[in-house]
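Undergrad: Given these sequences and hints, build the entire structure.
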Amino acid sequence: MSDGQTRRVLSVIVCGAGPASAIETFVKLAHDRGWVVQVIATPAALEFFDSAAVEELTGKPVRSEYGKPGDPRSAIPDAIIVAAATYNTINKWAHGISDTYALGVLAETTGLGVPIVVLPFVNSALAGRQPFRRSVEALRSEGVHILLGPGGIEPHAPRAGDDLIGTFPWQLALEEAHRLIRSKSAHA
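The sequence shown begins at 603 in the working numbering and counts up by one.
Rather than coming from a laboratory, the hints here were simulated on the basis of the structure. Misleading hints may appear alongside valid ones.
To be verified - Pair ranges (Cβ atoms, derived):
no. : residue 1 : residue 2 : range
1   : Ala759    : Pro671    : 41 to 49 Å
2   : Pro663    : Gly636    : 17 to 25 Å
3   : Gly672    : Arg784    : 32 to 40 Å
4   : Ser787    : Ala762    : 38 to 46 Å
5   : Glu744    : Pro645    : 38 to 46 Å
6   : Ser726    : Pro671    : 41 to 49 Å
7   : Arg761    : His633    : 27 to 35 Å
8   : Ser787    : Arg761    : 37 to 45 Å
9   : Ala654    : Ser785    : 35 to 43 Å
10  : Leu648    : Ser726    : 24 to 32 Å
Unchecked claim - Simulated pairs of lysine to aspartate or glutamate, DMTMM-like, Cα-Cα distance not exceeding 20 Å:
no. : residue 1 : residue 2
11  : Lys662    : Asp673
12  : Lys694    : Glu657
13  : Lys630    : Asp652
14  : Lys670    : Glu710
15  : Lys630    : Asp673
16  : Lys786    : Glu756
17  : Lys694    : Asp652
18  : Lys662    : Glu626
19  : Lys662    : Asp652
20  : Lys694    : Glu710
21  : Lys662    : Asp634
22  : Lys694    : Glu667
The beta-carbon is built from N, C-alpha and C at its ideal position, and this holds for glycine as well.
TA: The structure is reproduced here in structure tokens:
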């Protein structure tokens with residue numbers, strides 16, 4: 603268990619990038635740290651992993667679309683991790699675009715005090731672009747913790763992402779979420 607009597611809820615928003623194929627590894631790491639995990643996938647991410655296997659592992663449906671009125675709702679999370687966050691998701695989120703369920707969750711939650719940690723997966727050509735840098739800066743100014751740069755993810759060379767899937771540092775996002783939860787509890 604983490605920090606006390608009840609298990610904390612972690613929403614994991616997974617994007618359509620190579621590391622999404624290892625989302626089960628991330629869920630297991632989060633479970634080992636005492637989190638109850640619910641997975642939200644961008645439509646592109648659904649092609650990268652076995653939703654049924656993730657649902658069996660979490661005991662919860664993988665959400666990628668809005669539910670109908672009266673459908674069961676996801677639990678309100680204690681923290682959100684966006685991994686592996688793509689260039690597209692980061693830019694759309696920063697610009698207020700909410701054209702998927704995952705972006706809708708992020709748009710509604712940003713700035714509400716729920717810790718949000720982003721573990722990007724972008725190449726250096728995309729990360730160097732002004733629109734992306736402005737998006738990262740805008741999200742950080744709203745309190746989003748983007749683990750990009752020293753101590754976080756360093757952008758990889760274009761076309762080299764496949765080589766990094768097995769070593770994607772999921773634990774960095776979990777450590778940051780845990781740190782933010784502890785800090786929030788200490789200031790409550």
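Undergrad: List, from low to high, the hint numbers that the structure doesn't satisfy.
TA: 5, 12, 15, 16 and 17
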